[in-house]
Every structure is written in structure tokens, then in C-alpha cells.
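*Asks:* Sequence:
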Amino acid sequence: MLALPIQTTDALDDDASMQSIYQKQQNDGFRRLRFRQPLEGDYRAQLLSKGMLPLRLALLVAALVGFALSAMDTFSHGPGFSGDATHLRTLPVATLLCLLLGATYLEKLRPFLTGLAVIASLASAASLLVWSTPGETHAVASSLPAYLLVTMFIYLFIGLPFRPALATGATALLLYAGNGFIAGHEPGAIAHGVTLLLVANLIAATSLYTLDYHRRQSFLREGELRFRASQDPLTGIANRGAFEDYFERAWKHCAREQIPIAVALVNIDHFREYNDCYGHPAGDQCLKAVARVVDDASQRPLDFAARYGGEDFVLLLPGCNTCRARDIVDELRRNVIASVIEHAGSPTSALLTVSGGVSSLMPRNGIDDRDELIRFADEALYNAKSDGRNRVAAAEDGVADSRLANVIRLADVRKQFASR
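Numbering (our numbering), first residue to last: 805 to 1224.
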């Protein structure tokens, strides 16, 4: 038989494995601006959510500028500016930007915003080439300054991620060079324009890379802070606050789907005696070992394990009735014994044991009986302790109906009045 007064190499490895996915990603680095899943999906969803208002403002300003330029081209007078089709240079693009702005308000179209932004950007670049003003022919105006603005727009204003922005900017640069050769412009003029656009792409791409890198760093730091706030610092599993938050969401889910939900409270038997016998450092190792067993018991996707306080742990089992939940906790109890943790101070067993209390009910929409469910599980745990420990007790099957819980609550009130 083995006690736990000394932290072994395996225990140290377990502590390392308790690192959050945010810390692991930070350690691995992300110079290619890519996280492992599911972090990458979470980051993009958060970026889209937080960046929606700035994106809408940028699109609105860009559309208004486009309409203003179209009006200027249409109503300007003098040689080299006005023409029958000069408004076509910006009007289609401004219209496309308005459609893109409208798409930001439609939930179903948000996954396609990146593709739509790429189309809008390339359409802006192409319009400067296809619908050049007569002023460029008369050497009064040039599309190059506007093309430089479009380059900045692609990288820094329309909300494109780094890789799509880089690909879009490079495509726009190739369009400019190709148009110059097709139109028969002077090679020196083409080289001059391409050089300016290449420098603009490098500056904008570097700025966007730096911005995205710092955004990702902030995302990892915020995620790590949330993880630490929801994690029990000793055992590495979720703490009571995280359990309460998840319990609320799981309750609503089960009420909506009309499936039962079970709570199991697990308590280490004679833990005070364990500390007295082996010391508090060994007690900490004992808590870690039991926490791993409790966490392993939450096998299904919606299950949730947490440290409830002291030597108490809690399991939330959505979709479980009382019988199934009791079987899960009884298997947990046997696994704690199979861990072979010596407990010389226990009058119950020479090995460390736990007791469990289980309760289950069917949630109803609009009625929050979570406290009642916890109370029944706590009473079941008390019964398990009273019956000799190292066992699992369950609330009566009838308590699975929340309406009966209300009846019991009323009966308790009547008993209080009768005792006065």
C-alpha cells in the first residue's frame, strides 16, 4: 500500500498537464498567426464579435466616400474630369460596400464576411483601372494615389485577417501591373507605380501582422485569466464559481430539451484524520488524487466536475436519472479505493474512501430548483455518512419530479410552524 506524503514525478507531470490550452499555446508560439483548434475558432469568433462595430463604421465611411467621389465625377466641370461614365468608377464599389455593411447585421451571412470583403476590395481596385477618369488621360489626375488608399483599405480598414489581406493586396498589385502593360504605359511609369504599391503593401502587411499578433496575445492572456479564475488552484479542476456558472447553463439546456439532470456530491471520508496522520502537504496530494478520479468520472460531453469546497467535490450529470447517476458515482468510489492510498487514521478502511450523495430531477422552464437539487444531494450524502461511509446514497426516485420538491419544501415549512 502507498501513502501520498511525497510528490512523485508522475504528480509533477500531472501538474504540467493541468496547464490551460491558452498557456500551452503561448508556450508553443504562434508566429504563423494560427492557433490550434478549438482556440483558432474561438479567437475568430471573438474577433468578429468585438470588431463588428469598427467594421461597420469603416464600411459606412468607405461607402459614403465612394458615393461622394461618384457625385464629384458626375457633376464636376472642366476638361479632363467629367464624362458620361466617370461615376462608374466608384458607384458600383460604394453599392457593394453598402451590401457588405448590411451583411454584418445578418447572422447567417457573417461566416461569409471575409469572402465578401475580398470581393469588395478587388472590385475597388479593378474599378480604378477599368473606369479611369478622363483626367488621367489628360495628365490631370492619376489612379495611383487612389490605388494606394485602396491598399491601406484592404489591410487596415475592412477587417480582413492577415492571410486573406496579404493575398488580396498581392492580387491588387498584380492587377495594377497587368493593366499597365495591357494599356501600353511606359515601363518606367509601371515600375515606379509597382514599387510604390509594393512598399505600401509591405508597410500595411507589417502593421496588420503586428496588430493581429498583439490581438492574439491579448486573447491568450484574457483566456488564461478566465481559466485561472474558474480553476481550483490546488487540484487543477474547476472551482465552485465555475460550477455555478455551468450549472445555470446546463439547467436551462435540460429544461429546454426536457431531459433530467443529476447532481452528485462526493466527500472524502475522515479527511481530518488523514491530515492529522500524514500532515497537510500529504493532504494536498490526497485532494489532487481524488480530484483526478472525480474528473475522470465526467466522461460525457456535458458532464462537469468541480471542487465544491474543502474535501467536497461535485459532479453535474445532465441527461442522467438517479439510478444512472448513482452507478457513475459508485464506480468513482471504487476507483478511489483502487488508487490504493493508505489511510491509517481511518476507522472505516485501511485505504482512503469517499462517500457520495446523488439527486436527480426534471427541470421545468421558468422554475429554478437548482438549490433544491443540491439540498437533496447533500441530504443523500449525509445519509451515506450516517450509514457507515464508503458508500453512495441517492434521494428517493420520486424527488426526480420538481413538483414533489415543492411539496416537500411546503412540508418543511409546516413542520417549522408546528414546532413553535
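None of these hints come from the bench; they were simulated from the model.
Hints may be right or wrong, so weigh each one.
Claimed, not checked - Result set (PhoX-like, lysine-lysine): computed pairs, CA atoms no more than 25 Å apart in a straight line:
(1) Lys828 - Lys1092
(2) Lys1189 - Lys1092
(3) Lys854 - Lys912
*Asks:* Looking at the structure, which of the earlier hints fail to hold?
*Replies:* The structure breaks none of the hints.
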